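One line per chain: the protein sequences are C and A, in this order.
Under this note's numbering, the first residue of the first sequence is numbered 113, with each subsequent residue one higher.
Under this note's numbering, the first residue of the second sequence is numbered 21, with each subsequent residue one higher.
Treat the hints with caution; some may be incorrect.
[Stated by the list, open to error] Cβ-Cβ distance ranges computed for the label pairs, FRET-style:
id: 1; chain 1: C; residue 1: 227; chain 2: A; residue 2: 89; range: 50 to 58 Å
id: 2; chain 1: A; residue 1: 37; chain 2: C; residue 2: 153; range: 24 to 32 Å
id: 3; chain 1: A; residue 1: 65; chain 2: C; residue 2: 185; range: 16 to 24 Å
id: 4; chain 1: A; residue 1: 72; chain 2: C; residue 2: 226; range: 41 to 49 Å
id: 5; chain 1: C; residue 1: 172; chain 2: A; residue 2: 76; range: 32 to 40 Å
id: 6; chain 1: C; residue 1: 226; chain 2: A; residue 2: 50; range: 37 to 45 Å
id: 7; chain 1: C; residue 1: 182; chain 2: A; residue 2: 79; range: 27 to 35 Å
id: 8; chain 1: A; residue 1: 34; chain 2: C; residue 2: 127; range: 41 to 49 Å
id: 9; chain 1: A; residue 1: 46; chain 2: C; residue 2: 134; range: 30 to 38 Å
id: 10; chain 1: A; residue 1: 78; chain 2: C; residue 2: 124; range: 37 to 45 Å
id: 11; chain 1: C; residue 1: 130; chain 2: A; residue 2: 88; range: 44 to 52 Å
[As the list claims (entries may be wrong)] Covered, in the sense of this in silico footprint (three residues per stretch, anywhere, with C-beta under 8 Å from a C-beta of chain C), are these stretches of chain A:
id: 12; segment: 49-63
id: 13; segment: 103-115
Simulated from the structure, these hints should not be mistaken for lab results.
On a predicted model such as this, the values are computed, not experimentally measured, just so you know.
Note that the Cβ used here is the ideal one computed from N, Cα and C, for glycine as well.
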Amino acid sequence: DGGITQSPKYLFRKEGQNVTLSCEQNLNHDAMYWYRQDPGQGLRLIYYSQIVNDFQKGDIAEGYSVSREKKESFPLTVTSAQKNPTAFYLCATRTGGRTTNQPQHFGDGTRLSIL
Amino acid sequence: GNSVTQMEGPVTLSEEAFLTINCTYTATGYPSLFWYVQYPGEGLQLLLKATKADDKGSNKGFEATYRKETTSFHLEKGSVQVSDSAVYFCALTPRAGGSARQLTFGSGTQLTVLP
Numbered sequence: 113d114g115g116i117t118q119s120p121k122y123l124f125r126k127e128g129q130n131v132t133l134s135c136e137q138n139l140n141h142d143a144m145y146w147y148r149q150d151p152g153q154g155l156r157l158i159y160y161s162q163i164v165n166d167f168q169k170g171d172i173a174e175g176y177s178v179s180r181e182k183k184e185s186f187p188l189t190v191t192s193a194q195k196n197p198t199a200f201y202l203c204a205t206r207t208g209g210r211t212t213n214q215p216q217h218f219g220d221g222t223r224l225s226i227l
Numbered sequence: 021g022n023s024v025t026q027m028e029g030p031v032t033l034s035e036e037a038f039l040t041i042n043c044t045y046t047a048t049g050y051p052s053l054f055w056y057v058q059y060p061g062e063g064l065q066l067l068l069k070a071t072k073a074d075d076k077g078s079n080k081g082f083e084a085t086y087r088k089e090t091t092s093f094h095l096e097k098g099s100v101q102v103s104d105s106a107v108y109f110c111a112l113t114p115r116a117g118g119s120a121r122q123l124t125f126g127s128g129t130q131l132t133v134l135p
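Build out the structure end to end from the sequences listed, making use of the hints.
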């Protein structure tokens, strides 16, 4: 979607190294999300944030960390504790509060591979 | 908990054939339902949505009707094109409660349309 920028598009990590994936949005959306997609599978939620300086774990948060210091930015760090980090990572945003039915909008993704 | 079950792929059709991709869900209350499409190497794009029973979402010739009695949201298109080749995801978000309106995804259905 226009307005959600994920970088880099491709990223390579060495064993034991932390890497950070960037997600920036100019849609003025309150909520932001990180998903992991493995080949032939659906998306699994890693972390999400409803407002600045607040975030919650999703279904597969182990080995990942996030921050939300600005409304526009929600970076994801893949730590060395994540033993199988090779995947396609998708960032999404959504407007409105908890009671709206607005859809999530997605960036173009970052593909992370282990060297 | 919430879950989405999609028809397993891959699905291969000839151009101008009729498409149906089945989707059923399990959720409490009345969730909102979505179809997303993912083209190779890209993020997800919202294709259509429905927020209450008997609603019909439609976009680009695709349609899906929210059937509460059968807890289904099947995707249909009367005449597919080669450019429709992609992975299609059915998803839901709870109407009430549900932290940050999380999306629950099906596993995706790969569609290939041959000329």
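Hint check:
The beta-carbon spacing between residue 227 of chain C and residue 89 of chain A, approximately 52 Å, falls within the hinted interval of 50 to 58 Å. At about 26 Å, the beta-carbon gap between residue 37 of chain A and residue 153 of chain C stays in the expected band of 24 to 32 Å. Against the hinted window of 16 to 24 Å, the Cβ-Cβ separation of residue 65 of chain A and residue 185 of chain C comes to about 22 Å, which satisfies the hint. Between residue 72 of chain A and residue 226 of chain C, the C-beta spacing of about 45 Å keeps the proposed range 41 to 49 Å intact.
Checking the proposed 32 to 40 Å range against residue 172 of chain C and residue 76 of chain A shows it holds: the Cβ atoms sit about 34 Å from each other. Separated by about 43 Å at the C-beta atoms, residue 226 of chain C and residue 50 of chain A satisfy the suggested range of 37 to 45 Å. The hinted window of 27 to 35 Å between residue 182 of chain C and residue 79 of chain A holds, with their beta carbons roughly 33 Å apart. Between residue 34 of chain A and residue 127 of chain C the beta carbon distance is about 47 Å. The supplied range of 41 to 49 Å therefore holds.
With their beta carbons about 35 Å apart, residue 46 of chain A and residue 134 of chain C fall inside the hinted range of 30 to 38 Å. For residue 78 of chain A paired with residue 124 of chain C, a C-beta distance near 42 Å keeps the hint of 37 to 45 Å intact. Separated by about 46 Å at the C-beta atoms, residue 130 of chain C and residue 88 of chain A satisfy the suggested range of 44 to 52 Å. Residue count for the segment 49-63 of chain A with a Cβ under 8 Å from a Cβ of chain C: 6. That meets the three needed, and the coverage hint holds.
Here's how the segment 103-115 of chain A fares: 3 of its residues keep a CB closer than 8 Å to some CB of chain C, so the rule of at least three is met and the hint holds.
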